[in-house]
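Chain order of the listed sequences is S and A.
Position 139 (the first sequence) corresponds to 139 in the numbering used here; numbering is contiguous.
So the mapping is simple: the numbering used here equals the position in the second sequence, first residue as 1, plus 1000.
None of these hints come from the bench; they were simulated from the model.
It should be emphasised that the depicted structure is a prediction, and the values quoted were computed from it without experimental measurement.
Treat each hint with caution, since some may be false.
Here are the simulated lysine to aspartate or glutamate pairs, EDC-like style, with alpha carbons at most 20 angstroms apart [stated by the list, open to error]:
no. : chain 1 : residue 1 : chain 2 : residue 2
1   : S       : K110      : A       : D1581
2   : S       : K38       : A       : D1581
3   : A       : K1622     : S       : E41
Okay, the calculated bits of chain A under chain S, using three or more residues with CB under 8 angstroms as the criterion [to be verified]:
no. : segment
4   : 1183 to 1190
5   : 1210 to 1217
For each residue, glycine too, the CB sits at the ideal point set by N, CA and C.
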Amino acid sequence: MAKKMGFLVNVDRCFGCHTCEMACKNVYQLEPEVRWRKVYEIKEEYNLPERSFMSLACNHCEDPECKRVCPVKAYSIREDGIVLQDQSRCIGCKMCIMACPYEVPQFNTKLKKVEKCHMCFERLDKGQETVCVAACPAEAISTIDLEEYYQNGILDSLPGFPDPDITKPTTRFIKPRTGIQVRRDNNG
Amino acid sequence: MVLQDKITRHVCPRNCYDTCGILASVRNGRIIDVQGDPKHGYTRGKLCAKGYCYIRRVYSPERINQPLRQLGRGTGRWQEISWDEALNIVCEKILTIKDRYGSTLPICLNKYSGNFGLMNFALEGLFNSLGPTTQVLGSPCWSAGLDAQMFDFGANINSDPEQLERSKLIILWGVNPAWTAVHSLPYIFAAQKNGAKVITIDPYFSETAKKGDWYIQIKPGQDGSLALALAKIILENGEADIGFLEKHTSGWNLFKEYLGSLHLEELSENCGVQKHVLMELADLISSSPPVFIWAGFGMQRYVNGGQNVRAIDALGAITGNIGRSGGGVHYASLSTWKLFNYNFLNSSYKNRFLNINNFAHEISGAQSPPVKMLWIANRNLFRQDADQKELVRALKDIELVITIDQFHNETTYYSDIILPTTTFFEEMDIVPGYWHHWIALNEQAISPIAEARSDLEIAKSVSGKLNNLRAGTCSFPEEMDEKYFLDREFSPETYDILGIDHWSLLENGPVKADIPTVSWENKKFNTPSGKFEFYSETAENIRLPALPILKQPSRCGEKYQLRLLNPHSQHCINSQFRNIDWLQTIKQESRIYIHPITANMKNIKNGDSVKIFNDNGEFFIKAYLAEATPKDTIIVLQEPGDMTQNLNKLFQGVTTDMGNKCTGNPGLAIGENFVDISIS
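In isolation and in its complexed conformation, chain S is listed as follows (with noise of 0.2 angstroms):
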């Protein structure tokens, strides 16, 4: 069976470092504003304000938006569910930008061309980690194959992260715990 890979995203660990985003513009030398990773606050949520984080890339749909409304078919979806897209035939017209609820495609102003995470698809071939999976101190990030991966307690989606049922994207994440916080104002 062909595999289904995505990211499992562990928010119980991830503390919100930024250093998966950062190893990622490191290895890819991207330009300061394109950001193939990036790293949100969790808010409104668990009671903790900006203490959560989910670190997210592309979330490697299986319905996937930007490859539904590029006019130059400049994207595809290889057979383990890695969403791949060829910049040479980009041409910048920013509808994969538009219409992506990730907000995930980012437009590189230097080329006036659109570029993503593409999960690091040649390590992966080569057996090795991502960038990010490889950078991260928490081991907050892993990739997963769908088809085999199973755990208890993994959710499809989190609090700020649109509908998944939009696009069916392979994100997993395992959510934060809460230990018990005597706080001066609620003690007793």
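Chain A: place on chain S using the hints.
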């Protein structure tokens, strides 16, 4: 010219726990990416967000490419000059001053922790080759805690922090490694996976606290009350490790008596932690050996900071965790730091030392002779120092201000001459750390960018120019290269401890120093008594309390009732990294954390623009209401955004109780800063 592709080893020289091993890939003489060095056993092939951005620092278009002269301080009218011109200006001034005063004492160096490489000390070496000069003594940072541990243990050492994994209870006391030591988190997570619990004690709910099992919000500066309360309960519950206490400690009976005299209600009231919580924590500590306490730097930046660390040490001792694998009280280690000779610091002259934490006053107060030339290096003095107003005033009498840096900042603004310097990718060095036990070599990956010169090269060029102008002025060995200077930093004993016979072998990878994995395992302490000293005569002799008794932090005055804390932010180290474009894309807007009730009293709403002020100055920032902030405290992260305002202007420079013993002067008690807020 075709340059060979290569991968070079590096060490991040920042003032940080992790001191990471780095690999740089170099192609055609240019770094194309940086990676963590997998041979570094503590950081294990990973960097932090800042580390992965280093290329943007090396090749930043904002780098200062050649020596600059400012035509009038603060005018921003910079003139590019050649190295020869710059050296002429500097050296002629040195000679003029020397002739006028018959001494080199009016020449002053203020250098601190921008880079911790051995070769960065070449600047002290230069000064020590001139004659008697004026230099700064002390540290704004960790002084009180170092002294506290010196009194209790007799040395500043720690267990290998990899020992965190073996702990059953980790207490992160006033430290936020999720932001300031990310490579320690995997060890903490591993311990948690093995069933350990993690308690974070902090005045504010940090990211580290979020990852723990318990978060205890403490009143700022009341760590001593909490530690003593826990010690008292543990003793009275019959859970103290009497065997350890009777055999390996000194002054136990006196301390026991003291604990007996304390009132739990009072301690609980002091630290803001209720009695039943104290009981539960004490139980947890007694029942979960080994207990690893990591005492952070922030906690000791109070007028009672050293005393608080001593109380925490005492808690470690009373529970028998000192010298235990996976246990202990860990603050900072000078073990690997002290492996080197620091030849540059040797001086045959009688230098004049100014207190680094009272610099503004002491530089203007220095007489016969006064200070006439100020050289600033490895430091953004006009951002990070206390009492900025006085500092600016003190400059009036200084005839020449020279700054070595890579970028313009608050300090270059007040400088006459800037000498552009290399990043650590452009020089060779050894950088010891103060937490893990690894030593690594920093190789030179690329030629210096533009006309940048390393601190060592600058020292050599100044020496050369001085002797050219007047033979015999400077004894700095100007012909020697960094290999010579590195050679003399190593002794046979050091090579033994590192298990190599020459430092160049570090090209093959970092090595771990052969120093005790578990500190104080043999229970032989370096104190005068040879025991853990509850009662320290060393402390008593310099008029500090002999016992770890309770001391109070400063109280707020009538006028300014809110304590202002400014812990380190996530993506800067002091003012370093703020101008890195990649990091700017993830930067959060600077904000002041206020408890909603406090905000309500001041009619401040979320998102309002707020003025923080006291008699020293004012600071404008956006309000962020968060219940996890204490009501009597406001928090602004040390996020030096732009250069238009500086939070340190509000801090006059109160100092800590301890620091003289280990660093020559007390530290800065930056937690003791009181302000008011209003809508701006």
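We went through each hint and held it up to the structure:
1. Annotation: proposed proximity of S/K110 to A/D1581 holds, straight-line Cα distance about 16 angstroms (limit 20 angstroms).
2. For the hint linking S/K38 to A/D1581, the alpha-carbon distance of about 15 angstroms falls within 20 angstroms, and the restraint holds.
3. At roughly 18 angstroms between alpha-carbon atoms, A/K1622 and S/E41 fall within 20 angstroms of each other, so this suggested pair holds.
4. Given a C-beta distance limit of less than 8 angstroms, the hint that chain S covers the segment 1183 to 1190 of chain A holds, as 4 residues qualify and 3 suffice.
5. With 8 residues bearing a CB less than 8 angstroms from a CB of chain S, the segment 1210 to 1217 of chain A meets the requirement of three and the coverage assertion stands.
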